[in-house]
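Using the sequences plus the hints, can you model the full thing?
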Amino acid sequence: MSTKPELVKLIDTTLCTACRGCQVACKQWNEMPGLRTKQVGTYQNPPDLQWNTWTLMRFQEYRDDDGKFQWLFRKDGCMHCTDAACVKVCPSGALYHTPLKTVGIRRDKCIGCKECIAACPFDVPRHDAATDKVYKCDLCYSRIEQSVPPACVKSCITKALTIGPKDAMIKKAYARVAELGGDANVYGDKFVGGTHVIYVLQYKPEVYDELPVNPKVPLSVIVWKDLLKPLSLLTAGAAAAGVFIHYITHGPKTPHDDGQEQKGGE
Amino acid sequence: MNISRRGFLKMSGAVGGGVALSSLGFNLGPARAYADELNKMNRVRIAKQSTTICCYCSCGCGLVCSTDKATNKIINIEGDADHPINEGALCAKGAGFFQMTEANEHRLRKVLYRGPGGTAWEEKDWEWALPRMARLIKDTRDKNFIKRNAKGELVNRCEAIGHYGSSNVDNEECWLITTVARALGVVYMDHQARVCHSPSVGALAESFGRGSMTNHYIDMQNADVILIMGSNMAENHPMGFRWVTKAQERGAKVIHVDPRYTRTSARCDFHVPLRSGTDIAFLGGMISYIIENKKYFKEYVLNYTHASFIVDESFYFKDGLFSGYDAKKRKYSKDTWVYEYDANGVPRRDMTLTHPRTVFQIMRKHYSRYTLDKVSSITGVSKENLLKVYEIYSATGVPDKAGTECYALGWTQHTVGVENIRAMTLVQMLLGNVGIAGGGINAMRGEPNVQGSTDHAILYHILPGYLKTPPASLDTLDKYLKKYTPVSHDPKSANYYSNYPKFMVSLLKAWFDKAGTKDNDFGYSWLPKMDDGKHYSTMHMFDRMYEGKIKGFFCIGADNAVSSPNAGKVRKGLEKLDWLIGENIFDNETYQFWRAPGVDTKNIKTEVFLLPASASMEKEGSISNSGRWVQWKEKACDGPDQCIPVGEIEIKIMQAVKDLYAKEGGVHPEPILNLYWDYLDKDGHFSATKTAQRINGVFLEDTVIEDKAKGTKVVFKKGQLVPGFGNLQADGKTACGNWCISGSYTADGINKMKSRGKEDPTGLGLFPNWSFAWPVGRRILYNRCSVDLNGKPYNPKRNLLEWKDGKWVGDVPDGPWPPQAEKEGKYPFIMQRDGLGAFFGQGMADGPLPEHYEPLEGPLTKNPFSSQLINPAIEIFEGEMDKIERASEKFPYVITTYSCTEHWCSGALTRWQSWLLEAQPEQYIEMSDVLAKEKSIKNGERVKVSSVRGSVTAVAMVTQRLKPFTIEGKTVHQVGMPFNYGWLFPKDTKDDTTNFLTPTVGCANTFCPEYKAFMVNVEKL
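Protein chains in written order, with our numbering: chain A, 1 to 266; chain B, 1 to 1021.
Just so you know, these hints were derived from the structure itself, not from any lab. Since we're looking at a predicted model, the values are computed, not measured. We put the CB at the ideal spot given by N, CA and C, even for glycine. Any given hint might turn out to be false.
What the hints assert, rightly or not - Quick look at which bits of chain A chain B covers, simulated, 3 or more residues with Cβ under 8 Å:
hint : region
1    : 19-26
2    : 82-90
To be verified - Derived BS3-like pairs: lysine-lysine, alpha-carbon spacing no greater than 30 Å straight-line:
hint : chain 1 : residue 1 : chain 2 : residue 2
3    : B       : Lys124    : B       : Lys652
4    : B       : Lys295    : A       : Lys38
5    : A       : Lys68     : B       : Lys492
6    : B       : Lys492    : B       : Lys295
7    : B       : Lys682    : B       : Lys663
8    : A       : Lys109    : A       : Lys38
9    : B       : Lys40     : A       : Lys159
10   : B       : Lys682    : B       : Lys73
11   : A       : Lys159    : B       : Lys990
12   : B       : Lys754    : A       : Lys159
13   : A       : Lys159    : B       : Lys797
14   : B       : Lys124    : A       : Lys133
15   : B       : Lys935    : A       : Lys68
16   : B       : Lys963    : A       : Lys204
17   : B       : Lys690    : B       : Lys635
18   : B       : Lys246    : A       : Lys171
19   : B       : Lys990    : B       : Lys48
20   : A       : Lys38     : B       : Lys1020
21   : B       : Lys253    : A       : Lys171
22   : B       : Lys534    : B       : Lys329
23   : B       : Lys40     : A       : Lys101
24   : B       : Lys990    : A       : Lys38
25   : B       : Lys933    : A       : Lys68
26   : A       : Lys68     : B       : Lys73
27   : A       : Lys68     : B       : Lys374
28   : B       : Lys110    : B       : Lys938
29   : A       : Lys109    : B       : Lys40
30   : B       : Lys294    : B       : Lys318
31   : B       : Lys970    : A       : Lys68
32   : A       : Lys171    : A       : Lys159
33   : A       : Lys38     : B       : Lys124
34   : A       : Lys133    : B       : Lys40
What follows is the structure in structure tokens.
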């Protein structure tokens, strides 16, 4: 197994045209439906990641300090963390690290506890009420494990999306940042043990909507994972464990459920 | 299927960092993936793989369809990694191709019928529908056929039947459509090319000799400067933009000039906003800048263009009008737009370019009026931005730099559509950018096969291969050929159209075969003739329909009730039809006009047939992309239920009509009964191959072709395919459905359109062995301009063509002759009578040099350039529904309309697809935050948009991407709306087509409608 390198997907936002080939290619390969949405005054649609939308193009109008206008495009989706909070909290083993170090999801094992949703520092996993399962990008594991690029990467017109061995991709990202200069930066390699999806950003991370500046595995998750979870799993069924984990990490709050309001769509 | 299994599985187009995953050094052995998903990969692997070409824009991207062998159903569609244009990548529409298959519940599956007064569709079948349609067609034709016109000229036409569509079917189907329509005598025949790129043909053919995109998408990577103007390329030709970014990687500068900041602007070096409809002012300023600052490529201008020709003394330009104008008719007589000739009939030239009547000096004087101040005041572009663009772009006027221009509907859809493009041809010829790698004018066409449907002339004014539709005054073939076969007395001019008789006679033979003989002019008299000076375009057709003069209408792969200008008038016209025959893969607002909002369904007498067609990947055949690549598609599976290809529908309808005429006789039966009609395979289905071979051309008799210069004789047998248009004959020995496409097969029957060779010997991305490119495999038109008079490349770093050891090396040369300096050498623009690039447009309807006029409906009451406010040569429609209100307080905002990446044209295909609809769910209007504040409109609020012709509702998208302009000292707001929405679907929509707003007016030359600049008001709902 030691011969399997880690894979990293690089999203170079400075090359993206927001054609949304990736957003649709993801649905095509993963056979996710399109739901009825509304126009609310933006190109961004669906408005957020959803159980049926694992990769989403975010559109943002931005004027920098020099008054220069830029329409920012950012493909959002699972970051495939090394220290993946979702994997840590998942009581059923549905979320797991694949041999390629990405975060996979075995949906048949998902018990719908939504714990991963609360724990994810990037707000990525989504729950669907109809199936009572959680959904997110698995970096097309069925493809990459057979050396075929993920659907999003293959569809990318301008090569804003690329995938390859971790070291090579990080090197490529830094080379690009050096070429761009200014506030350009690499996002993803320095936190949560390094993500397997990294960005080249033109501006500082705080400029971008819905992008955490300093994402962390919640302390409560670490406490739970290292101290309490093993004990809990010994004494309770997996479902009960999920409820318990949720309660001790967040109290009696229910994470949002994006399946409900979309029901009755196409 | 000739893509390799390896080729599909590697899918390596997108693997980054130059490292293929398969080279990562790990064993790919059995994985522990999630069972279902793993299963999908395996199901895809063992499926039948078929290649196809995307059916949306004209990039011509390749896709691979995986069809489950057990169910014969498509289970996956993704990009073809071996395809040189897209290398596996796809935009949103291409990536969602799967939702065009029968997996989409909205696909049409059965013949649908609606009888007079009917309130819903009834399901029928082909056996029922074919005889009924044939009866209606024959009765309408027989009753309304016009044998002779008012002048008594033989015209043999039927004005009571109209035809529209389609650029979204295969070449072979287009050719059958054009054939059926002409046999029926239809003259009101048009399709998407009219409303899309008809001005491209008018402009590019006038300047260069051919009407098509000069280069091709991949070639954009070779440019040093790319000007994107008249296009939102990243959104509407996404894969073309892939090659723009390739050029950027090399350090190319990319400039976007457009009323809106779009997804294109976001990736360009800079964006320059200009008011809709002022492109000629902008480009006129650039022409003047190039000339006055001596930025032009002098050697090129002298040797390869008309610049040195001397124009007749009687020509003049004064206060916005050229000589020869007749204000009553709104038409020019072009008698004074001529050159001086010497005693041998060769144009006189002044190689010093100083004679005041040289084309060069006339052009210089004309554009000296386009000062920075004036251009800035009209366009709303700052002087600083004007100079920035002019400087950067004109830096390509040197031998080793290439500048290209990419445009689309932003230039064509104007009353000055042709002249917008002509203005750019002037810029490109001055800078020596035509005929070189990384140069040219890239007319990025809007539909997947609009190049092909134009080549095959589903258009009233041309026959297949750009031959002219005969006018009534030319009553014999001899007169016709004399009129349209150009004569040049200049020995250096190849004047290739001197072969016109061979092309025309071969076309007539393709249609009428044995029945067309020398004695009966090969059937020339059977063709429908237009009245001289009359036009029969889309807008004219709907004008006539509105008047109740058109009784039957074919609408193939189109949605005029949404897409045609002044849609309110179009819909009223449809209500007056006796019958409508639709052919499509989804239902749309045109086919259901009888139950549109506000329509009195029960009182509409029209019989409507909606025939279910196979989708693009469900049939084989070829389509031609914008770069003239004629690419063959494989059939992945059958269409669902009763679906058959449009080609088969056409064959069956025509056969039913033929049978009726054979049985009953009728009016002018000759073109119907004599029509060669053998295009079914042995199983009785449409044969794209048989049709393609007929288009390519075939020897009808044993023929000996002698080349006296080479001293060779080649013998071809009867039935053998014609290996190229050079072999066509004017005596009836060859049949050829379209001379341009001749050479798509070898004489031995090898289909070059299927070629998938990836060799790239020049390193310029020409891919000479990939598909067939017309003409004769040439990838870059006018490529002999890329070399000097002795055949040496001007830019050795991008060596497109070179004369070496007595022969041409590189791209297929544009004409086989030696370089110009040699004794037998010829000029490079071989399709031009005079062999050279034309600055001076002698054939234009609205003047030989582009001149700025305001849109028909604009914000100004006075044109700052002249007393002519609007284009003096446009046709004004004056029906009760053709209102205009310019510079009015009631409609104060300039609007432009357009498409977006996620939808396509009227949205009649894409709105039925949930992945695309989810991303762009409903009608919106983009407006600046400044205007929104003025009108107290908040982002996301619903608004009403009105013009004097109608109104629509939309969601306000308040944005910083639009900005108010200062025009002639006043603030002018610009807004914009997509034209992708209609009332039929999605079901809960509250909106309808943007074309309720647009005026019935078009380009003076080609009647491409003005969708891009008119006036509206916006109010909060």
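We went through each hint and held it up to the structure:
1. Figure legend: the region 19-26 of chain A, annotated as covered by chain B; annotation consistent (7 residues with Cβ-Cβ distances under 8 Å, at least 3 required).
2. Coverage of the region 82-90 of chain A by chain B is violated in this model, with 0 residues showing a Cβ closer than 8 Å to a Cβ of that chain against a need of three.
3. Distance restraint check for lysine 124 of chain B and lysine 652 of chain B: the Cα-Cα separation of roughly 16 Å lies within the 30 Å cut-off, and the hinted pair is therefore satisfied.
4. Of the pairs offered as hints, the one joining lysine 295 of chain B and lysine 38 of chain A is violated, with about 51 Å between alpha carbons and a cut-off of 30 Å exceeded.
5. Distance restraint check for lysine 68 of chain A and lysine 492 of chain B: the Cα-Cα separation of roughly 54 Å exceeds the 30 Å cut-off, and the hinted pair is therefore not satisfied.
6. A threshold of 30 Å between alpha carbons decides the hint, and for lysine 492 of chain B with lysine 295 of chain B the separation of about 28 Å falls inside it, so the pair holds.
7. Note on lysine 682 of chain B and lysine 663 of chain B: the hinted pairing holds, with a Cα-Cα distance of about 25 Å set against a maximum of 30 Å.
8. As the CA atoms of lysine 109 of chain A and lysine 38 of chain A are separated by approximately 33 Å, the hinted pair breaks the 30 Å bound.
9. Note on lysine 40 of chain B and lysine 159 of chain A: the hinted pairing holds, with a Cα-Cα distance of about 25 Å set against a maximum of 30 Å.
10. Restraint check for lysine 682 of chain B and lysine 73 of chain B: satisfied, since their Cα atoms lie roughly 24 Å apart, inside the 30 Å limit.
11. Note on lysine 159 of chain A and lysine 990 of chain B: the hinted pairing is violated, with a Cα-Cα distance of about 38 Å set against a maximum of 30 Å.
12. Our distance criterion of 30 Å between C-alpha atoms is met by lysine 754 of chain B and lysine 159 of chain A, whose separation comes to about 28 Å.
13. Note on lysine 159 of chain A and lysine 797 of chain B: the hinted pairing holds, with a Cα-Cα distance of about 26 Å set against a maximum of 30 Å.
14. Only pairs whose Cα atoms come within 30 Å are accepted, and lysine 124 of chain B paired with lysine 133 of chain A is rejected, the gap being roughly 44 Å.
15. For the hint linking lysine 935 of chain B to lysine 68 of chain A, the alpha-carbon distance of about 26 Å falls within 30 Å, and the restraint holds.
16. Between the alpha carbons of lysine 963 of chain B and lysine 204 of chain A the distance comes to roughly 27 Å, so the proposed pair stays at or under 30 Å and holds.
17. With a C-alpha separation of about 16 Å, the suggested pair lysine 690 of chain B and lysine 635 of chain B falls inside the 30 Å cut-off, and the hint holds.
18. For the hint pairing lysine 246 of chain B with lysine 171 of chain A, the CA-to-CA distance comes to about 21 Å; that is within 30 Å, so the pair holds.
19. Distance hint between lysine 990 of chain B and lysine 48 of chain B is unfulfilled; the C-alpha atoms sit about 43 Å from each other, more than 30 Å.
20. The hinted pair formed by lysine 38 of chain A and lysine 1020 of chain B meets the criterion: a straight-line CA distance of about 18 Å does not exceed 30 Å.
21. As the CA atoms of lysine 253 of chain B and lysine 171 of chain A are separated by approximately 26 Å, the hinted pair is consistent with the 30 Å bound.
22. Annotation: proposed proximity of lysine 534 of chain B to lysine 329 of chain B holds, straight-line Cα distance about 12 Å (limit 30 Å).
23. A threshold of 30 Å between alpha carbons decides the hint, and for lysine 40 of chain B with lysine 101 of chain A the separation of about 22 Å falls inside it, so the pair holds.
24. For the suggested pair lysine 990 of chain B and lysine 38 of chain A, the alpha carbons sit about 12 Å apart, so the restraint of at most 30 Å is met.
25. For the proposed pair lysine 933 of chain B and lysine 68 of chain A, the alpha carbon gap of about 21 Å is at most 30 Å, so the pair holds.
26. Of the supplied pair hints, the one linking lysine 68 of chain A and lysine 73 of chain B is violated, its CA atoms being roughly 51 Å apart against a limit of 30 Å.
27. Of the supplied pair hints, the one linking lysine 68 of chain A and lysine 374 of chain B holds, its CA atoms being roughly 27 Å apart against a limit of 30 Å.
28. The hinted pair formed by lysine 110 of chain B and lysine 938 of chain B fails the criterion: a straight-line CA distance of about 45 Å is larger than 30 Å.
29. The hinted pair formed by lysine 109 of chain A and lysine 40 of chain B meets the criterion: a straight-line CA distance of about 19 Å does not exceed 30 Å.
30. Restraint check for lysine 294 of chain B and lysine 318 of chain B: the C-alpha separation of about 26 Å stays at or below 30 Å, so the hint holds.
31. Only pairs whose Cα atoms come within 30 Å are accepted, and lysine 970 of chain B paired with lysine 68 of chain A is accepted, the gap being roughly 25 Å.
32. For the suggested pair lysine 171 of chain A and lysine 159 of chain A, the alpha carbons sit about 16 Å apart, so the restraint of at most 30 Å is met.
33. Proposed proximity of lysine 38 of chain A and lysine 124 of chain B is contradicted: the alpha carbons are some 36 Å apart, above 30 Å.
34. Between lysine 133 of chain A and lysine 40 of chain B, the direct Cα distance comes to roughly 20 Å. Compliance with the 30 Å bound is thereby established for this hinted pair.
The structure fails hints 2, 4, 5, 8, 11, 14, 19, 26, 28 and 33 (numbered hints given earlier, in ascending order).
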